[in-house]
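J.: If you're matching them up, the sequences are chains A and B in order. Here the first sequence is numbered in UniProt numbering, starting from 1 and rising by one per residue. Here the second sequence is numbered in UniProt numbering, starting from 1 and rising by one per residue.
Keep in mind the hints are simulated off the structure, nothing from the lab. Check the hints yourself; a few may be wrong.
Which copy? The list can't say, so a pair holds if one copy fits it or any two copies do.
Keeping only pairs whose Cα atoms sit at most 30 Å apart, straight-line, the calculated DSSO-like set for lysine-lysine is [said to hold, decoys possible]:
{"#": "1", "residue 1": "Lys304", "residue 2": "Lys185"}
{"#": "2", "residue 1": "Lys185", "residue 2": "Lys98"}
{"#": "3", "residue 1": "Lys304", "residue 2": "Lys338"}
{"#": "4", "residue 1": "Lys216", "residue 2": "Lys64"}
{"#": "5", "residue 1": "Lys98", "residue 2": "Lys338"}
{"#": "6", "residue 1": "Lys338", "residue 2": "Lys7"}
{"#": "7", "residue 1": "Lys270", "residue 2": "Lys216"}
{"#": "8", "residue 1": "Lys7", "residue 2": "Lys304"}
{"#": "9", "residue 1": "Lys277", "residue 2": "Lys7"}
{"#": "10", "residue 1": "Lys98", "residue 2": "Lys7"}
The model shown is predicted, which means the values in this text are computed figures rather than measured ones.
Protein chains: 2
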Amino acid sequence: MKLATLKNGTRDGQLVLVTGDLSHYVDASAIAPTLQAALDDWAIVAPRLIELADEIAAGSSIAKREALDATQLHSPLPRAFQWADGSAYVNHVELVRKARSAEMPETFWTDPLMYQGGSDRFLGPCDDIAMADTAWGIDMEGEIAVITDDVPMGASLDQARDAIRLIMLVNDVSLRGLIPGELAKGFGFFQSKPSSAFSPVAVTPDELGDAWDGGKVHLPLNVDLNGKPFGRANAGVDMTFDFAQLVAHAARTRPLGAGSVVGSGTVSNKLDGGPGKPVAEGGAGYSCIAEIRMIETIETGAAKTPFLQFGDRVKIEMLGKDGTSIFGAIDQTVTQYKG
Amino acid sequence: MKLATLKNGTRDGQLVLVTGDLSHYVDASAIAPTLQAALDDWAIVAPRLIELADEIAAGSSIAKREALDATQLHSPLPRAFQWADGSAYVNHVELVRKARSAEMPETFWTDPLMYQGGSDRFLGPCDDIAMADTAWGIDMEGEIAVITDDVPMGASLDQARDAIRLIMLVNDVSLRGLIPGELAKGFGFFQSKPSSAFSPVAVTPDELGDAWDGGKVHLPLNVDLNGKPFGRANAGVDMTFDFAQLVAHAARTRPLGAGSVVGSGTVSNKLDGGPGKPVAEGGAGYSCIAEIRMIETIETGAAKTPFLQFGDRVKIEMLGKDGTSIFGAIDQTVTQYKG
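One chain only, chain A, in its complex shape (with noise of 0.2 Å):
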């Protein structure tokens, strides 16, 4: 089952079920007026979704059909009650860090870095991303999230991985350039983590057959600068945790409500064991500018590729082994903010 969120003129927009192929939508809004909705009672909602969506499949439904505008679309949660965000890809962290010839501490492989974003206002797939200044060091961050049920204090892992119920995308928009004044100071992200966008739509889990295994998706993110390849790193490739893992790490001291948003954190592979190549070179590229960078100091001393302009273009999608899209793609400009 594929979820989106039509605009409609209110803050959380209206329901609607995607088709498989992403070419058309049917309103869902009698049976749950948005998707916070649908999550608030998903044990009583999900199951006539998917009869709804089983009919539309069947071409029984008598539901009519419109043709999908991923740009009249929201996020699938315009706003959430959370944004929790893992960093995952280790080898991204530990990148980071080497660049700023800084050691990462072991733990760091077994106890995960997340960090909690700003959720009220989250941009739409194809909706500008509005800045200020590109003295801000505007990049992207290509993601997988997942977005749970009600989860316990302290549940388990099979409990975290049970509370699973849709997947997505995300751009996890970042200032380069406000964050280490920022963590500086100690206590997290806040301006250098503006809005972040999702994906067109979110799917439920079965919807990615065996690409999914209960905790990783296990394709490649595309992530593409200007119409260029920029990544093909693979999500489920050096994922040290998995979204059980992270689902659980952000429930340890509190329950998490139906509806949280929970990251990966950039994806990012590694090449033998080392930093990645570009595309271009036949590597898996970078699903972040500040990757690149980190790579181009560690081996020539400093960074050469710019962060985003105004003008440039990110786009973000992951097809499935049939060449299909799954989750519609992030396609977003970078533009000047006028007050």
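Keeping the supplied structure of chain A fixed, place chain B upon it in accordance with the hints.
T.: Leaving out everything else, chain B in the frame of chain A:
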């Protein structure tokens, strides 16, 4: 106007209007079903709520008055789309640093500290603080918080100030034993900040009269531990950044959605330019246990006041100049969580 949220078996509860003396409430759900719904459409909803409040105050309302029982209340927002907590009483931060012999950067006096908190499942004002382990160093933090309307990205101080809709109290429960390890990882708080609780009612700024100057609440915050006065720090004193500055800080790189909760951080007063004294010794006391432990450490080399134990009771309240409770009392007991 005083607003509260009655527990009614739903996640967001039922919006009620509370009488000025906190003795009674009237159902307001016909105007807006929940407080978030009211905030989503404040310009239209607020005048109708004010009209009802005026009728109740005048005794002309036909709405049924019920006796208010704070144990039946959720936090005003049982869950929120944002909980951004500042640390505006820099005195508190300076003390923490001093206790571990760390210099505080001068910029802390000009650039607010703020962390993104979890907002998906707040505790009710009289709900137990259920934790698995007292070794986590369970502590209260008495704070003030505001709830905002929509705030544009890059908001000016005036825009930020004008977006403040409601004021309430917070118990920002903290796990001191988990903080050093978590902050050392560099991504800020996560497991060390479990669910917070808010006061029974949230009030519009006019309810504070001249105790509200547009940015600060000039009244003592009463924090009691096991029935004894623990803190009487004045929230209007030593607040280095007022709420306009905190809201503007939060909105620097992204807009804030209506219903964003922005906190002051632990209320803390200096005494003659140095650390305060316990209430029993004639001082303003402390709004968290960590602070008295820091002072004990500075003065004697070791902390002697223990963090919260199972069975301990924390009460946080603020009285108006006439001696009556403005927000009702946060009144929580620490209990052992059993999964």
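J.: Confirm or reject each hint.
T.: Status of each hint after checking the structure:
Taking CA atoms no more than 30 Å apart as the test, lysine 304 paired with lysine 185 passes in both settings, with 28 Å inside one copy and 28 Å between copies. Taking the shortest Cα distances, lysine 185 and lysine 98 sit within 30 Å of each other both inside one copy (21 Å) and across copies (16 Å). Proximity of lysine 304 to lysine 338 under the C-alpha cut-off of 30 Å is restricted to the intra-copy arrangement: shortest distance 28 Å within a copy versus 54 Å between copies. Taking the shortest alpha-carbon separations for lysine 216 and lysine 64, neither the intra-copy value of 35 Å nor the inter-copy value of 54 Å comes in at or below 30 Å.
When the C-alpha separation of lysine 98 and lysine 338 is checked against a cutoff of 30 Å, the pair qualifies neither within a copy, at 37 Å, nor between copies, at 42 Å. With identical chains, the CA atoms of lysine 338 and lysine 7 are at most 30 Å apart within one copy only, with a shortest distance of 23 Å there and 42 Å across copies. Proximity of lysine 270 and lysine 216 under a CA criterion of 30 Å is satisfied intra-copy only: 17 Å inside one chain copy versus 51 Å between copies. For the homomeric pair lysine 7 and lysine 304, neither the shortest alpha-carbon distance inside one copy (39 Å) nor that between copies (57 Å) is at most 30 Å.
In this assembly of identical chains, the alpha carbons of lysine 277 and lysine 7 never lie at most 30 Å apart, being 39 Å within a copy and 55 Å across copies at closest. Proximity of lysine 98 and lysine 7 under a CA criterion of 30 Å is satisfied in neither setting, with 43 Å inside one chain copy and 51 Å between copies.
Checked against the numbered hints above, the structure breaks hints 4, 5, 8, 9, 10 and satisfies the rest.
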